[in-house]
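Model the placement of chains B and C on the given structure of chain A, informed by the hints.
For reference, the chains in residue letters:
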Amino acid sequence: MTLADILASLFGDAHDVTLAGDSLAGRGTLPDGGAVHVLGFANRAELGVDQAIGLAARVLDIAKTADRAPILFLIDSSSQRMSRRDELLGLNEYLAHLAKALAFAEQAGHRSVGLLYGGSAAGAFIATALACSALVAVPGADPAVMDLPSMARVTKLPIEVLQQKARTTPVFAPGLQNLVLVGAVAEVWDPAQPLSGQLTALLARPADGDRRGALGKARGGRAKASDIADTVVASATAHG
Amino acid sequence: MSALSAMPPARLSWFEAVARQRLAALVDPGNFEEFIGPEQREISPHLQVFDLPAEFDDGIVIGAARIGGAPVLVAAQEGRFMGGAFGEVHGAKLTGLLRAAKALKRDVVIAFDTGGVRLQEANAGELSISEIIRALVEARSAGARVVGLIGGRAGCYGGGGLVAGCCSTLVVSEQGRISVSGPEVIETNKGVEEFDSQDRALVWRTMGGKHRYLIGGADVFVDDDAAAFRTAAIAALSRPAGLDGARLAAEQARLERRLTRFGADRDGRDVWRTLGLADADAIPDLATEAFLRQADPCRETADDAR
Amino acid sequence: MEILRFDLAAPTPATGARKMALVGVVASGNLEVLLEREGPADRCTVEINTSAHGFKALWEAVVSDFVSRRTAGGLRISINDGGARPDMVSLRLAQGVRLIEEAQS
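Chains as they are written, first to last, in my numbering: chain A, 1 to 240; chain B, 1 to 306; chain C, 1 to 105.
Since the hints were made in silico from the structure, they are not lab data. Glycine included, C-beta positions come from ideal geometry on N, C-alpha and C. Do not take every clue at face value.
[As the list claims (entries may be wrong)] Each computed DSBU-like pair below joins lysine-lysine, with the alpha-carbon atoms no more than 35 Å apart: (1) C:LYS19 / B:LYS105; (2) A:LYS64 / B:LYS190; (3) A:LYS156 / C:LYS56; (4) B:LYS105 / A:LYS217; (5) A:LYS156 / A:LYS64; (6) C:LYS19 / C:LYS56; (7) A:LYS64 / C:LYS19; (8) A:LYS156 / B:LYS102; (9) A:LYS217 / B:LYS102; (10) A:LYS165 / A:LYS217; (11) A:LYS64 / B:LYS105; (12) A:LYS165 / C:LYS19; (13) A:LYS165 / B:LYS190; (14) B:LYS102 / C:LYS56.
[To be verified] DEER-style ranges, computed between Cβ atoms: (15) C:LEU58 / B:ASP281: 47 to 57 Å; (16) B:GLU33 / A:ARG219: 25 to 35 Å; (17) B:SER197 / A:ALA4: 52 to 62 Å.
[Said to hold, decoys possible] Now the stretches of chain B that chain C is said to cover, found in silico as 3 or more residues with beta-carbon under 8 Å: (18) 44-55; (19) 125-136.
Only chain A is shown next, with the shape it has when bound in the complex (with noise of 0.2 Å):
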């Protein structure tokens, strides 16, 4: 799905959304008559300071209105930006500082849903889709912690190799599917019905904390995760 599609199949006309540079901004109303903050990225945007820091602002904009609406973060970004000038910067703290202002929007009533439409990787990935309250995605979209050639570089893996063991396991290779098995992704939406009632039907259910743990348990691509985080939270709690 465009741009244009996911917009026109959440709001039909009603919204005032627009691009500047790579950024989205705007207001949606969607036929329930609920009111949606839009941010997000376009055109596989790189996420480096002064896009982070113009998001939080956005974000934190938002946090203060009294209109407790939710904030829908439409995602097409590659990574963080990956120069010299980000890093001397301190990149860490402004990708840091856009997850912590989503997390406290939350808390002040406007719950966040990322809808990952393109890419999205790494730095990029944790600080905005992965820092939304849930997030699903429209079917095409490629999120990635890394491309699979970088991989193989690195880890000094034949690619060949790398994409055989991708057939056996969702827990590293790129790509919609193994991100859904992790339980990284909550839905894959279906772009052959209106994206506004499978927004509302979202909204409709309560946010109650992160149950990735438990989707990546039920779904088989992370066995693990849940069980040892909730065991250490008894051992803690046993321990006093």
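Showing chains B and C alone in chain A's frame:
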């Protein structure tokens, strides 16, 4: 009691120490209880397919302890195992620890030593970073402090750098590095002109402990000495706690101001000159006391804005 | 990965009261050794996980030497090997026994 190492020697290099030695030096003696210790054998299920050896604790030691008498939850990454990288089990141990911190309103001290996410388990590792961040933010919002210590050979890279950016206080030594993309990754993607990963001095001017301290990316600068890290952790555990709208607004202002002040600077030396340091070229060679004397009057701070 | 198991007669039992000890890390040229108190005082079991295939005889020699010379009885020893040389293996085994016999603080 559990498997920490024997009594620490008189002076322990944090950089040279393994995770269990760091914890032994950090915590009050006789108080450490490990959670999911090595005898549980909760190893990574994903390394065998790559013919890679596992470690019984999957490269992170977690538990409960006291530091300076105060009860804390502690974690130390083993930078020598898979570069201290986050995998499914490794990440889940830290996620659980931070969720416990929220439930118990207990402070946390994390000794980072990580190259980021373990590629052999990339999706699980990446997702664990997000789960850790979410749990960390909730713990801090509930009033727990999360203190990060950075000075190991793997540094604090990738997703680890993002977790560090969510901590309430960061303690760093000269050996520490904090970054998202590593030097090799920048060079591979953007070319050697953009970043010569073999230029160690450049790496440290861009990502190293002294630079982070000067630009406000870290809060406390210490010697490569476990005792110094312990002293700094104790002090950090009595700093104001909490994470609210006011603090995030202050951080927004601080980070915007940083771009205005230093956004056109090309190199760490340029940043240090902009800060007003008399002899930027001499900074890398200064010993700790001399460095702090120069740095403290003019560095950027992040107090109550992190 | 190759898993090697040895179950040996141990002439001298390990002393001390610590239930377990851990030495070393899994890194290139290194290994981790987990020692636990298990089994009869006159036997020692050693299990090794290693990605270097075909070195069983060498491991057997190192382990047998260790068990015969040191206070190894009553111990279950588990090893994750990062490609360590025999002298490093011997060092870690000796460090491990010293640690498990150390007085508790």
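A quick look at each hint next to the structure:
no. : hint                           : verdict
1   : C:LYS19 / B:LYS105             : holds (31 Å)
2   : A:LYS64 / B:LYS190             : violated (39 Å)
3   : A:LYS156 / C:LYS56             : holds (27 Å)
4   : B:LYS105 / A:LYS217            : holds (28 Å)
5   : A:LYS156 / A:LYS64             : violated (49 Å)
6   : C:LYS19 / C:LYS56              : holds (28 Å)
7   : A:LYS64 / C:LYS19              : violated (55 Å)
8   : A:LYS156 / B:LYS102            : violated (40 Å)
9   : A:LYS217 / B:LYS102            : holds (23 Å)
10  : A:LYS165 / A:LYS217            : holds (20 Å)
11  : A:LYS64 / B:LYS105             : holds (26 Å)
12  : A:LYS165 / C:LYS19             : violated (39 Å)
13  : A:LYS165 / B:LYS190            : holds (29 Å)
14  : B:LYS102 / C:LYS56             : violated (48 Å)
15  : C:LEU58 / B:ASP281: 47 to 57 Å : holds (53 Å)
16  : B:GLU33 / A:ARG219: 25 to 35 Å : holds (34 Å)
17  : B:SER197 / A:ALA4: 52 to 62 Å  : violated (41 Å)
18  : 44-55                          : holds (count 6)
19  : 125-136                        : violated (count 0)
Hints 2, 5, 7, 8, 12, 14, 17, 19 from the list above are not met by this structure, while the remaining hints are.
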